[in-house]
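Since the structure of chain A is provided, determine the placement of chain B on it from the hints.
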Amino acid sequence: MEIAEELAKQQKAISVAEFFEKNRQILGFDSAPRALITCVKEAVDNSLDACEDAGILPDIFVQIKKSGEYFQVIVEDNGPGIVPEEIPRVFAKLLYGSRFHTLRQSRGQQGIGISAGVLYSQLTSGRPTRVISKIAPDRPAYYCELMINTSKNEPEIIKAEEVDWERPRGTRVEMEMEGSYVRSRRQSVYGSLKSAAIVNPHARLTLVEPEGNVEVFERATESLPKKAYAIQPHPEGIELGELIKLLRYTDKKKLRVFLKETFSSIGTISAQELCKKADLDPEAPPASLDHDEAVRLLLAFKQIRVKSPPVDCLSPIGEELIRAGLEKEFRLDFIATTTRPVSVYSGNPFLVEVGLGYGGELAREGRIEILRFANRVPLVYQQGACAITHAVESVSWKNYSLSQSAGSGIPVGPAVLLVHIASTNIPFTSESKDAVADMPEILVEIDLGLKEVARKLRRYLSRQSLLSERREKEEIIRKILPRIAKKLSDVLDRPEPDIGPVVAKIMGNLLVYRESEQQDGRISVRLVVENHSDLVRSFKLHEILGEKAEAISPPAKVISLGDGYDHHWKLSVGPGQKAIISYQIGANSSGPAKPVVEGLDPEIVTGARAI
Amino acid sequence: MAGSDDRKSSERALRDSRSKKAEENLLRLADSLYGQFQRGVVPHISLPSRTKGNIEFSTKDDVWIYGDQETMRSVKTVRGAKTLLKTVHLTELLIDEHLKNNRGSTLREIYYISENWDIAKFHEQAESDRLIEDLEIVTDLHREDFHVRPEEDGAAVFGPLRLKEQTRRGEKEMHCQEDVGEAGYQIPFNVDNIEFINHDARMVMAIETGGMYARLIENGFDEEYNAILVHIKGQPARSTRRIIKRLNTELNLPVVVFTDGDPWSYRIFASIAYGAIKSAHLSDHLVTPKARFLGVQPSDIVDYNLSTDKLTDRDLQALKSELSDPRFANPYWEKQIHLQIDLKKKAEQQAFAGKGLDFVTKTYLPDRLTEMGII
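Those sequence lines, one after another, are chains A and B. The opening position of the first sequence corresponds to residue 1 in the working numbering, with each subsequent residue numbered one higher. The opening position of the second sequence corresponds to residue 1 in the working numbering, with each subsequent residue numbered one higher.
Okay, chain A solo, but in the shape it has when bound:
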């Protein structure tokens, strides 16, 4: 026998289940605390997906129990239930699922998650997974005990029977496994459920911890998120191999129809345009295109303008619910949110949402907390490897009132950032779905979203500091200055000094005052207007006198009022400047009333009546 033939005997197919049995870290089961978190997360994700598909407000119960040296994980939902025939494959066959072949936003994608949990449970405890499910109140519940035949990646049913279950419908899964329960960190069952509650404000999550402590994450809304619809792939960014596959296996007979039916955002006109640009016959059967022709078609995709993919394939959380979610879990002074428009990477539509919370009870020192979410699933591990973190680090936060050492990196301050990426296909860096890959299109969108909320924060903070400056000045003016003046008059035994001029200076007001002196039986008056603000003030100044004044400088317009004369001047006084008006009146004319300033708000005028 030839060597090659010898070797061929040893070649053998590997089942996926066997592969994962040996590479459990890929699926997020690399440590004891993490295994528990991953199991809970996968089961909860499935429950949330199922409830939303069925239009049910999720009510999910999670319990972690110590059972001997193992932990028992129980997750129960009020979802639509699973038909008995499907249960074994859903829970005990890897890569079996309903979502892999559709382009629609959902938490689960590949059909690995919960079966990986079952596999891990069976590997560490040797026990089967127990599932109860009920699909309608008038139908019996179905109970089974399952294991995975790892060499074939097929479910093995240990036990199956119909049972009574008091719930109207729903699914309950119980697994036993090696694990370790931690509480304090964000990387914990508690922490990941808390995060899940923030982006799923329509769900009620209940956690019973091993010591019996019960945590309920209550709903913040009664309305379900908008349902995401399945769509066709978007032509933007599609790869050649994918295109050739689609061309070969389509049941459409004509290229024109194929283009229109296979892709989203392509209509009759753009299909015609594509064929023309690629120099292809619109009526040709798609399968007849050779490699060169497929390349031409791909080039044509890049040449025409295709509209963005429809939004309804995605289900964003929405700014209102992001706000509600943040308010629910943190005490904050300020929240800014934004939802970016739908964008596309490699043919997959996606959108980015950002929420920023500031102040309140958040720690002033230390780096800010970043809450990362992908399709409403919290991302707990590998923060440093994630596109979201990278985008946060590359924003220059100093421009937005948060400090940042060395001009880059995670900013420091009393803030929390929430970033959610929704997509028909999230590009994770690995199957354990810990971190989003650095796709340039996604990084750009996150960056834009972050800067949007950061600008809102900066506006808020500068408004706050203006307000507090104003409040501070008011305190001086209202409470302190009058007292100083009063005390000084007590000590010196003199009349209280006029604090008006000082008030005008501190407040940056327009100050109007008169100085007068007797001269040859006449009174010379100087009317002084000082502008203590940073702006040019333009206004009309009125001086109402019982007689016509003389030697008026600069000249005034004088209007007779019957019982007196209105002298007025149009003035414009620059910041820090003053205007001086002088005139003379008879010695025995009665003292004039306060001057009047026309055209300015009363609160910026001192020493004159403002109208």
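Some clues are possibly wrong.
[What the hints assert, rightly or not] Here are the simulated DSBU-like cross-link-like pairs (lysine-lysine), alpha carbons at most 35 angstroms apart as the crow flies: (1) Lys320(B) x Lys355(B); (2) Lys486(A) x Lys100(B); (3) Lys21(B) x Lys486(A); (4) Lys260(A) x Lys245(A); (5) Lys362(B) x Lys398(A); (6) Lys76(B) x Lys505(A); (7) Lys594(A) x Lys76(B); (8) Lys76(B) x Lys479(A); (9) Lys344(B) x Lys486(A); (10) Lys451(A) x Lys505(A).
[As the list claims (entries may be wrong)] Not the full set, but computed from the structure, chain A residues with beta-carbon under 7 angstroms of chain B: (11) Glu475; (12) Ile476; (13) Ile477; (14) Arg478; (15) Pro497; (16) Pro501.
Keep in mind the hints are simulated off the structure, nothing from the lab. Positions of the beta carbon are idealized from the N, C-alpha and C atoms, including for glycine.
What follows is chain B alone, placed relative to chain A:
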């Protein structure tokens, strides 16, 4: 006794005239603030800034005084406005309650009096103390002129000195060895009420710790060497510094300072000999530029092989900060401080007891005083 009556009345006249001056100067401050209101100037007071960076050596009196840097208290900020309001309240208190009625309060009492001042209330005693110092600077007077007393004890004095003290209950004359108990003569807060009559002393020795002060008295050091011992009780009070200065200038006695060998004790010496950063405005009144540091010197740790403690991080920091303190910028201190930083050790005065109870009076002090040319 007619002569003594005369002197009393002239003293009263002097005291009245000082009160008058204090009142005038305080009124002048109020008047300047009043004038600022009238002229439409935002009311403010300028004060020298009381930091390490703003003290300079006055070659005129050989003491450290404040430089030209000024800080401005203005009503433009809430803090400044409140401080000015407190200043005005305090001015009223000092004029109306103290000077007009010939009464006085302690620093602590003033802090409590402010309870009734509403938003002008002091938050802590340090704040009112600081404000009193500010008033001293602005009016160019001493707090004693405002009838403000410290709480702290002044020093105790033991040695061949006869003096006379003006008390509220008449004149008391005493000899600071014969007429006093083992603790010595307790000096009053206003040292200028003391008159020195005669003495038989060759030197003044200021001592940091009560233990060493008692050791020297027990061993009869004051008699053997004709020394006036002053127990300075830690960081010296103003009255302590004032009496040391008066003993130095009026009786022409050399002054040596004997403290522990650590950075905090060097600061005690500095405040006696160079002036304190906080009260540099009083330097010409309180500082004894001719005072010399006796020990414990870092070099003594090596020379006498003293038992030591390790320097803590705070000690090291204090030593380093002294290296940037202009008062310590001379070759003697630079050498000693660098030596101590290298040794990483400090020694207490009591460390000499390890060589026997008489070692300090029979060996160390005679050695050092000879070295310094005093005996």
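Q. Which numbered hints does this structure break?
A. Violated: hints 5, 9, 10, 13, 14.
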